[in-house]
Amino acid sequence: MTMRHSRRRLRQAGNNILESALVLVPTLAIIVGIVDVSFAVFAHTTLQHAVREGVRYAVTYQLKSGMGHDASIKSVVQENAMGFLSGESGLSKIYVRYYDPTTFTEQTGTGSNAPGNIVEVSVEGLTRNWIASVLLGNLAPMNFYIRSSDRMEGLPQGTPLPAR
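This note's numbering puts the first residue of the sequence shown at 8, with every later residue one more than the last.
Some hints could be false.
[Claimed, not checked] Quick list of simulated restraints, FRET-style, between CB atoms:
| id | residue 1 | residue 2 | range |
| --- | --- | --- | --- |
| 1 | Asp157 | Ser93 | 37 to 43 Å |
| 2 | Pro169 | Pro33 | 52 to 58 Å |
| 3 | Pro169 | Ala47 | 32 to 38 Å |
| 4 | Leu70 | Ala139 | 28 to 34 Å |
| 5 | Leu143 | Thr112 | 19 to 25 Å |
| 6 | Gly132 | Ala78 | 43 to 49 Å |
| 7 | Gly132 | Pro33 | 31 to 37 Å |
| 8 | Pro108 | Thr52 | 48 to 54 Å |
| 9 | Ser72 | Asp107 | 26 to 32 Å |
| 10 | Met74 | Glu131 | 17 to 23 Å |
Worth flagging that the hints you see were computed from the coordinates, not collected in a lab. Even glycine gets a Cβ: it sits at the ideal position worked out from N, Cα and C.
With these hints in hand, go ahead and build the complete structure from the sequences.
This is how it looks when you write it as structure tokens:
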């Protein structure tokens, strides 16, 4: 009788390992999927916050010490991006553009940041890989294109436009 019980336990132990494997793999895939989607939402909202702060900074014509207007705006975006846009490679993904409010044509050069124009701050071309690509192979990376814009405020009388 004891021999029969020990054989049954061995078979049940093998079944337990198989059942655990069959449950663990889909559970792990679901957890990795949740983490991936959560990271994508976190990165998008963080970058959206960063470009909004850049626009808020831009419309008030503030400048950081030793920087022009556009460089100051990019610096503010980089500071608010929680490391997603660190270094020169991150800085190259930040764009500051000015548009005429009536024709919506892009304004370039001196005076493009004049009061009344529209400023657009964007993060373009930032890519991150999915964690699931480690498990599932080569997945297309996440691409982030995030924009925010507002109308430039007026300057106090006699105050010159800051250099871009």
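Hint by hint, which ones does the structure fall short of? Of the numbered hints, 1, 4, 5, 6, 8 do not hold.
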